[in-house]
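S.K.: Letter by letter, the chains look like this.
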Amino acid sequence: MHSRQQHKPLDFLRGSIDKVILIKVKKNRLFRAKLKGYDEHLNLFLEEATQIFEYQDDDGNIREENENLGRIVIRGDNIIFLNLAQ
Amino acid sequence: MHSRQQHKPLDFLRGSIDKVILIKVKKNRLFRAKLKGYDEHLNLFLEEATQIFEYQDDDGNIREENENLGRIVIRGDNIIFLNLAQ
Amino acid sequence: MHSRQQHKPLDFLRGSIDKVILIKVKKNRLFRAKLKGYDEHLNLFLEEATQIFEYQDDDGNIREENENLGRIVIRGDNIIFLNLAQ
Amino acid sequence: MHSRQQHKPLDFLRGSIDKVILIKVKKNRLFRAKLKGYDEHLNLFLEEATQIFEYQDDDGNIREENENLGRIVIRGDNIIFLNLAQ
Amino acid sequence: MHSRQQHKPLDFLRGSIDKVILIKVKKNRLFRAKLKGYDEHLNLFLEEATQIFEYQDDDGNIREENENLGRIVIRGDNIIFLNLAQ
Amino acid sequence: MHSRQQHKPLDFLRGSIDKVILIKVKKNRLFRAKLKGYDEHLNLFLEEATQIFEYQDDDGNIREENENLGRIVIRGDNIIFLNLAQ
Amino acid sequence: MHSRQQHKPLDFLRGSIDKVILIKVKKNRLFRAKLKGYDEHLNLFLEEATQIFEYQDDDGNIREENENLGRIVIRGDNIIFLNLAQ
Chain L
-4 MHSRQQHKPL DFLRGSIDKV ILIKVKKNRL FRAKLKGYDE HLNLFLEEAT
46 QIFEYQDDDG NIREENENLG RIVIRGDNII FLNLAQ
Chain B
-4 MHSRQQHKPL DFLRGSIDKV ILIKVKKNRL FRAKLKGYDE HLNLFLEEAT
46 QIFEYQDDDG NIREENENLG RIVIRGDNII FLNLAQ
Chain V
-4 MHSRQQHKPL DFLRGSIDKV ILIKVKKNRL FRAKLKGYDE HLNLFLEEAT
46 QIFEYQDDDG NIREENENLG RIVIRGDNII FLNLAQ
Chain C
-4 MHSRQQHKPL DFLRGSIDKV ILIKVKKNRL FRAKLKGYDE HLNLFLEEAT
46 QIFEYQDDDG NIREENENLG RIVIRGDNII FLNLAQ
Chain G
-4 MHSRQQHKPL DFLRGSIDKV ILIKVKKNRL FRAKLKGYDE HLNLFLEEAT
46 QIFEYQDDDG NIREENENLG RIVIRGDNII FLNLAQ
Chain U
-4 MHSRQQHKPL DFLRGSIDKV ILIKVKKNRL FRAKLKGYDE HLNLFLEEAT
46 QIFEYQDDDG NIREENENLG RIVIRGDNII FLNLAQ
Chain R
-4 MHSRQQHKPL DFLRGSIDKV ILIKVKKNRL FRAKLKGYDE HLNLFLEEAT
46 QIFEYQDDDG NIREENENLG RIVIRGDNII FLNLAQ
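Chains as they are written, first to last, in our numbering: chain L, -4 to 81; chain B, -4 to 81; chain V, -4 to 81; chain C, -4 to 81; chain G, -4 to 81; chain U, -4 to 81; chain R, -4 to 81.
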C-alpha cells in the first residue's frame, strides 16, 4: 500500500525526460517532442517539437501536416493528456 | 458518523489501482485503461490506455473506434467522471 | 443566528449519504445514484449510478435513455446542482 | 467609513436565510427557492426549489415552465447573480 | 511613487458606495444599480438594481428593455468591467 | 543576471501610470484609457476610458465606433494584453 | 537525476530574455516579440511586439497580416505555447 501512495501521476514523467512524447492539447492541437522539463502544473519544456495538424480532406479522410517548432514551452492548463515514451 | 466523514471520493480510487477503469473526459473523449496513479487534482497515470471514439454513422447509430495509446497522463481538470472497476 | 452560520451548504450532504440523489452536470448530463462520499470541491463518489440521457424526438417530445454505470467518481467542477433525497 | 468596510456582499445573504430568493445561473437557468445555507464560494443549500425554464414559443413570446425540485445544493461557480428577498 | 503603489483598483470602488454604477457582465448582461458592498473577488451587493437588455430589432437598431430587480448579489467572476459614478 | 530576475511583467506597468494605454479584452473588446491603478491580478482602474467597437461593414472593411465610459474598473481575468504607452 | 529536477519549464525562459520569441495565444492569436520579462503565471512583458493575423483567403490559402504593437504585457492564462529563440 505504501508504494502505491508514492505513485503520483507527475512522477511518472521523470522517466520520459529526454524521450519523445506526444502532447494532446485542447482545440485539437497535437505535438510530438522531446521532453526536457515539467512542473506540477504540467507546464512543459520541449525540444525538437513538431506540431501535427489533423484535418479531414474532401473525401472525409484524416490527414496530417507537420510544422517544425524547435524549442517550445507549453502552458500546462491547455493540455488534455500526454502519451509517454514506451 | 465518524467513518462516513473519512470516505472522501478520491480515497475510493485506491481500490482501483492496477484495475481497468473508464475515464470520461470533456469534449466527448472516452478512455479505457489500467489505473496506475492519481493525485488530488484527479491527474491520472494510466497504462494500456485505449481512447474510444464514439460517433454517429449515416444511419444515426452510435459507433466506436479504438486507438491504442499505451502509457498516458491525463490532466485532471479535463475529467468529467471515472467509472471504477466493479 | 449562531446555528444558521453553521449550516454550510455541503454539510447538508451528510444526511444524503447512502441515499439516492440526482446530479445535474454541465452539458446536459444527468445522473441518478446512491451517494457514498463527497469532499469540499463537491467531488462525489457514487454507487449504483445511472446516467440519464434526455433528448428530443422527432415530434419534439423530451425522451429519456438510461445507462447503468455502477460505481463512479464525478469531478466536482462539472456539477451544476444536486437534488437531495427528500 | 468603518461600517462600509464591513459590508461584504456575502454578509447580506444572512438576512435572506429562510426567505425565498431567485438564483440566476449560467446557461439561462433560473431557480426560485428558500435559502437555507451558503458559503464563501456562493455554494447554496435551498429548500422548496423550483427551476424555471424560459423559452420562446413559435410567436416569439417568452414562456415559462416550472419544475419542482425540493431540496438542492447549487455549486457556487455556476451562479451569475442572486435576487434577494425584498 | 509611494502613493501610486497604494492605488489598488478595488480601492477606487470605496468612493462609489451608495452611488449608481453600471456593471457589464459576460454574455452581454448589463446592470445599473446602487453599490452597497464589494469584496476582493469583485462580488457586489447592489440595491435598486435594473438589468438592461440590449438587442437588435428587425431594422438593426440597438434597443433596450429594463427589468427592475431590487437587491441583488452578483458573483464577481462574471463581471467584465464596472463603470463608476462620475 | 540579477537585474533580469527583477523584471517581472507587472512591474513594467508602473511606468505607464497616468498615461494612455490600450487594453485588449476577450470577446473582441478594446479600450483606450489613462491607467490609474492595477494589482497582481491585472485588475485595472482607468480614467477617461473609451471602448472601441470594431466591426465589419457590408463591404468587409473594419470599422470603429467609440463610446466614452469615464472611470472604469476592468476585472483582470478578462484581459488578453495591454499595449503600453511608448 | 538531480540536475533534471532543477529543469523547471519556466527556467528555460531566462535564456530567451532580450531575444525574439513567438507567442501562440488562444483564439488563434500569434505574436512575435522581444522577451523582456516573465513571471510564474507566464505573464509576459514584450518589446517590439508584432501581432500576426492568419486567415484564409478566398482560394483557401493561409495569409498573414502584421500589426506593430510596440511594448505589450500579455496575461499568462491566454497563452498556449511559446516558441523560444533557437
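Do not take every clue at face value.
Simulated crosslink set (DSBU-like; lysine-lysine; CA at most 30 Å straight-line) [said to hold, decoys possible]:
(1) C:3 to G:21
(2) C:29 to C:3
(3) G:31 to G:3
(4) L:31 to L:21
(5) G:3 to G:21
(6) V:3 to B:14
(7) V:29 to B:21
(8) V:29 to C:3
(9) G:31 to L:22
(10) C:21 to U:14
(11) B:31 to V:3
(12) L:3 to R:14
(13) C:31 to G:3
(14) G:22 to B:22
(15) L:31 to L:14
(16) R:31 to L:3
(17) B:3 to B:14
(18) L:21 to B:29
(19) G:3 to R:31
(20) B:14 to V:31
(21) U:14 to R:3
(22) G:31 to U:3
(23) G:29 to U:3
(24) V:3 to L:21
(25) V:31 to B:22
(26) B:31 to B:3
(27) L:14 to B:22
(28) V:21 to C:21
(29) R:14 to R:3
(30) L:3 to R:29
(31) V:29 to C:29
(32) L:31 to B:3
(33) V:22 to B:22
(34) B:29 to B:3
(35) U:22 to G:21
Listing some non-contacts, in silico: residues in chain U with all C-beta distances to chain G over 12 Å [claimed, not checked]:
(36) 34
(37) 46
(38) 54
(39) 73
Honestly, the hints are just simulated from the structure, not real lab data.
C-beta atoms are modelled at their ideal positions from N, C-alpha and C, and glycine is treated no differently.
S.K.: Run every hint past the structure and note whether it holds.
M.R.: Quick rundown of the hints versus the structure:
no., hint, result
1, C:3 to G:21, "holds (22 Å)"
2, C:29 to C:3, "holds (22 Å)"
3, G:31 to G:3, "holds (19 Å)"
4, L:31 to L:21, "holds (21 Å)"
5, G:3 to G:21, "holds (23 Å)"
6, V:3 to B:14, "violated (36 Å)"
7, V:29 to B:21, "holds (23 Å)"
8, V:29 to C:3, "violated (37 Å)"
9, G:31 to L:22, "violated (41 Å)"
10, C:21 to U:14, "violated (37 Å)"
11, B:31 to V:3, "violated (35 Å)"
12, L:3 to R:14, "violated (36 Å)"
13, C:31 to G:3, "violated (35 Å)"
14, G:22 to B:22, "holds (22 Å)"
15, L:31 to L:14, "holds (8 Å)"
16, R:31 to L:3, "violated (35 Å)"
17, B:3 to B:14, "holds (20 Å)"
18, L:21 to B:29, "holds (23 Å)"
19, G:3 to R:31, "holds (24 Å)"
20, B:14 to V:31, "holds (20 Å)"
21, U:14 to R:3, "violated (36 Å)"
22, G:31 to U:3, "violated (35 Å)"
23, G:29 to U:3, "violated (37 Å)"
24, V:3 to L:21, "violated (36 Å)"
25, V:31 to B:22, "holds (27 Å)"
26, B:31 to B:3, "holds (19 Å)"
27, L:14 to B:22, "holds (29 Å)"
28, V:21 to C:21, "holds (10 Å)"
29, R:14 to R:3, "holds (20 Å)"
30, L:3 to R:29, "violated (37 Å)"
31, V:29 to C:29, "holds (25 Å)"
32, L:31 to B:3, "violated (35 Å)"
33, V:22 to B:22, "holds (10 Å)"
34, B:29 to B:3, "holds (22 Å)"
35, U:22 to G:21, "holds (9 Å)"
36, 34, "violated (5 Å)"
37, 46, "violated (9 Å)"
38, 54, "holds (16 Å)"
39, 73, "violated (5 Å)"
Checked against the numbered hints above, the structure breaks hints 6, 8, 9, 10, 11, 12, 13, 16, 21, 22, 23, 24, 30, 32, 36, 37 and 39 and satisfies the rest.
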